[in-house]
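Enquirer: Residues in the sequence shown are numbered consecutively from 2, following our numbering.
Wrong hints could be hidden among the right ones.
[Stated by the list, open to error] Using C-beta positions, here's what the derived DEER-type ranges look like: (1) Glu228 <-> Val61: 29 to 37 Å; (2) Lys5 <-> Thr187: 58 to 66 Å; (3) Ser114 <-> Thr173: 26 to 34 Å; (4) Leu96 <-> Asp188: 18 to 26 Å; (5) Val57 <-> Gly239: 53 to 61 Å; (6) Lys206 <-> Pro6: 43 to 51 Å; (7) Thr173 <-> Pro95: 18 to 26 Å; (8) Trp256 <-> Glu163: 45 to 53 Å; (9) Trp248 <-> His86: 31 to 39 Å; (10) Lys206 <-> Leu90: 32 to 40 Å; (11) His251 <-> Arg104: 23 to 31 Å; (12) Asp188 <-> Lys240: 49 to 57 Å.
Rather than coming from a laboratory, the hints here were simulated on the basis of the structure. All values derive from a computational prediction rather than experimental measurement. In this text, a Cβ means the ideal position worked out from N, Cα and C, and glycines have one as well.
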Amino acid sequence: MVGKPRPQFVLFGSSIVQLSYSNGGWGAILSDIYARKADILLRGYYGWNSRRALQVLDQVFPKDAAVQPSLVVVYFGGNDSMGPHSSGLGPHVPLPEYKENMRKIAKHLQSLSDSTRIIFLSSPPVNEEKVRGNASGFFSELVRTNELCRQYSEGCIEVGEETGVKVIDLFTAFQRRDDWMNACFTDGVHLSEEGSKIVVEEILKVLKNADWKPCLHWKSMPTEFSEDSPYDLVAADGKTTLNPSEWTFHREIQWD
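Throw the hints in and build the complete structure from the sequences for me.
Expert: This is the structure we're talking about:
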């Protein structure tokens, strides 16, 4: 720990989380937006499904930790929704089990503290043609379809309604964009910068509109060491200084 702890936002999930600092990813964007306000902690695991998440849940989120996260953003479902392999191996998890696993994840996170907030991300669609075109000799056939993504996305939303966890419907959010199939992915599955911008926009909507106290929207959170200082840049009048702690002009997008 470095100095006084800031609120912790933990991103927990599979490769869409692990890669969220790549290609202008949504984790990197959130880290910029929440600079000096919250620490964004990455707990992403390439290829994982909800079964593997449950195996490590107590290790990643121990109930006796001295500091509990203020926010946990969870994404599992994309690998669970892959078609089953005849061997029984692989990431596929039947839909009823997936929903039960997500219920268990929600229950565990809700038990961490009264102030820990949770957002689930549902499975986004995929570019099926590009996925098929990226077939590799290292793997057996990978079955990823938008029909399966839709079913698991709806399953995630159902779990959110049952448990009181807020869910972002990425399956619908991506498809609001006409060119989503080509614009939102690097390989048909993982997110491009444009896809990540959609994720950030949806997360900020939830954080702005949620009736949570304290509010976790970036504009409502205090900025660390934001007091005025004579060591700040000198203003044009030559007598005062300009406090840059809230400046955002460097951002390509002025996030709401």
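Enquirer: Against each hint, give a clear statement of whether it holds in the structure.
Expert: For each hint, the structure was consulted:
no. : hint                          : verdict
1   : Glu228 <-> Val61: 29 to 37 Å  : holds (35 Å)
2   : Lys5 <-> Thr187: 58 to 66 Å   : violated (38 Å)
3   : Ser114 <-> Thr173: 26 to 34 Å : holds (31 Å)
4   : Leu96 <-> Asp188: 18 to 26 Å  : holds (25 Å)
5   : Val57 <-> Gly239: 53 to 61 Å  : holds (58 Å)
6   : Lys206 <-> Pro6: 43 to 51 Å   : violated (27 Å)
7   : Thr173 <-> Pro95: 18 to 26 Å  : holds (23 Å)
8   : Trp256 <-> Glu163: 45 to 53 Å : violated (31 Å)
9   : Trp248 <-> His86: 31 to 39 Å  : violated (52 Å)
10  : Lys206 <-> Leu90: 32 to 40 Å  : holds (39 Å)
11  : His251 <-> Arg104: 23 to 31 Å : violated (41 Å)
12  : Asp188 <-> Lys240: 49 to 57 Å : holds (56 Å)
Violated hints, in rising order: 2, 6, 8, 9, 11; the structure is consistent with all others.
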